[in-house]
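Residue numbers (our numbering), protein chains in the order written: chain C, 1 to 315; chain E, 1 to 439.
Bear in mind the hints are in silico, worked out from the structure with no lab data behind them. The C-beta atom is built at its ideal place from N, Cα and C for all residues, glycine as well. Any given hint could turn out to be false.
Partner residues aside, some chain C positions facing chain E, computed with beta carbon under 7 Å [as the list claims (entries may be wrong)]:
1. P14
2. A18
3. N45
4. P48
5. S168
6. G174
7. P263
Read off the chains here:
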Amino acid sequence: MSETPVTRAAAATPKRVARRIKGLSDRAIAWIFVAPTIFLLLAINIFPLIWTINLSFTNFKANRIGREVKNVGLRNYERILTDSDIWLNMQATAHFLFWTIFFQVLIGFTLAYLINKKFKGNDLWTTIIVLPMMLSPAVVGNFWKFLYQPQIGLFNYIVAFFTGKDPSSFEMLGSVQLAPWSIVIVDTWMWTPFVMLICLAGLRSIPDYIYEAAEVDRASKLRQFFTITIPMVLPFLMLAVLFRGIENFKMFDLVVQLTGGGPGSTTELTSINLKREAFEKWRTGYASAYAIILFVTVFGLASIYVKALNKVKER
Amino acid sequence: MKNLKLASVSALTVAAASMASTAQAEDLTLCWAAWDPANALVELSKEFESQSGHNMSFEFIPWPNFADRMLNELNSGGKLCDLLIGDSQWIGGGAENGHYVKLNDFFDKEGISMSDFADATVYAYSTWPKGTPNYYALPAMGDANGWFYRKDWFARDDIKAAFKDATGRELAEPKSQKELLEIAQFFQGREIDGKTVYGASIFTERGSEGITMGVTSALYPWGFKYENTPGSYDMDGAVNSPEAVEALEFYKEFYETATPPGYTNSYMGESLDAFKSGQVAMAMNWFAFFPGLYADPNTGGDKIDFFVNPPQNQAGSTLGGQGISVVAYSDKQDAALEYIKWFANPDVQAKWWSLGGYSAHNSVLNDPGFTDSAPFAGDFLEAMGSVQDFWQEPAYAELLLAMQKRLHDYIVADQGTAQEALDKLVEDWTEVFEDEGKL
């Protein structure tokens, strides 16, 4: 009988341990290995989720432990869904989500396409481009805050240089019109490299012989781009959109550092609003209902999206 | 043998004495915000350490995170702090949620009388329910929102002449809120020594309490009231009264016409920076910072002067300041109470003022030399005579955040009218009090 890794592992197992597990089925051994993970999953994810659902029907406040906890039924859900301010937060989140993903995919794919072309200094440029995503969001938020400063900020001076405007005549973070775009710009600056890397992986996975066959068939470069490059990179692009979508739906640190949700509530994304309800106002029951609504929204959208992604991959 | 016994007894006595002293000496932690007066308190507390044998540690949290950090600590029953100098608005929650030790019996036992402290500070920092003789803190740091300005600019002949040309009156400390705005607008965008300067820096911060503290400095002089009848929670007609609307419109005009560009989210730090960098002619901030401002080598000394928040329909200043409480979850309450007893001593209070803390003790405030002891001392006394505080209810955080939102939406984000902002605020606050079972 030839020696396999399994027989080697069996031989190496101490006899006392071997005696104990003798008679256990493969399925039982598999369960022994998987059980700790399942236990952790239940303890860290599932139990808190069920507990949150339970709290969402109450008026519980975590800072008022002695206070009587009443079951309020669907009152918290009703309040949230009929609150016009929360719908404004949802709109701000949708604006942020849509435009960050749009720009990151557009710029990220363009950069990946350019980097994929072999040229001198290719690796150096790749390293430089990915630098922003290596920084902490809090740090990025802080230094962009200085860049956007109307009196001394470099951003305002650059815009002023090209437009001839006075640098202190506009406030990126203080203007209701500009603030939503200011957070889109910073997030795009930071996370476009991530999308670029995924697209680059997709581009490099396309075998050269497909392009060579297309050349033989005298297909133009434009046709090759739309019939080979885009369809074959699409699953990677969709994956990048999924990752960025989930990340930006729960965006918190970067925006808090930049605008704190202001001016007014213009850039108060749902995650910021949720944090205020849960840990500043201490409306735990209400915040739980809010969190469940957001969870269902993300989970529902992500499920639909993953199905679409699988269909694209099957093509 | 006799010597041996004697030696043994001596050794045991020394050991017992040393054990007793070890048992009495505690490591006390005092929690407060990280700002100038906290450094003065560290200096002051050295005397307590040498007298009591206890060691003092300090946990100072930056202001923007102070409430979050400390309220989380209290809500979780944390033992980090034995003593807490908590904001005045926390007193309701501290008392009702059992975070603070009630001090009445201790005060009676130690002969500490609340009548020795300024009435306004006892009411604001120590009592819950408000105005009742139930004490949960000792007034530790009197404070109010005041103003400071570039005295050297105000004294320049060219600027004085330009001001007289522009307004028809002399350039001097404002006697009303409208004069304050007029002066700020005069300085806005003016060239002084080749540099563009601005009117004033005011509070517009969104995240914690900034804009509320700034706006109430306008609301109170206009006669703002939280309720029509105190204790009734009937806010409609009081919170959104015509006077309140006028005051809010005034603050918005101030923000739009007399502050530096980009001051959309500014609070204490930004106000100090704007003044110290020579950007603004005037700035609002807490009296607690005034000793440091006066000592500043660039903009302090004879270049700075101070004034109390100007009146409009009446005198009114926004209350700051804090009381010192013993945390109910501390295992070292006896030692913490010792600190309170020591701190209440008139001599310690006098030293507290001399180091840069704002004593609320009458022996300090009523001293004939007090008003001349610092250039801002008289203004401080005047301000403390007309202070008003925000809600101190257990649900104060909800009430505060609602006001932060409505004010920032109107003033900085320019959404809706002042009337709408205050009407919505009444709705928000009504909902909070309904949840609390008080309406």
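Checklist entry - Measuring from the C-beta of P48 (chain C) to each C-beta in chain E, is the shortest one below 7 Å? => result violated, 17 Å
Checklist entry - Holds or violated: is there a CB of chain E closer than 7 Å to the CB of N45 (chain C)? => result Result: violated, 23 Å to nearest chain E Cβ.
Item to check | Evaluation of the interface hint that places G174 (chain C) against chain E, nearest CB under 7 Å | outcome: holds, 3 Å
Checklist entry - Can we keep the A18 (chain C) interface hint, with Cβ of chain E closer than 7 Å? => result A18 (chain C) check fails; min Cβ-Cβ to chain E is 48 Å, beyond 7 Å.
Checklist entry - Is the shortest C-beta separation between P14 (chain C) and chain E less than 7 Å? => result violated, 46 Å
Checklist entry - At a threshold of 7 Å, is the proposed contact between P263 (chain C) and chain E supported by beta-carbon distances? => result This interface hint holds because 4 Å falls under the 7 Å limit.
Item to check | S168 (chain C) as chain E interface residue, shortest Cβ-Cβ below 7 Å | outcome: With a closest approach of 4 Å, the S168 (chain C) hint holds.
Of the numbered hints listed earlier, those contradicted by the structure are 1, 2, 3 and 4.
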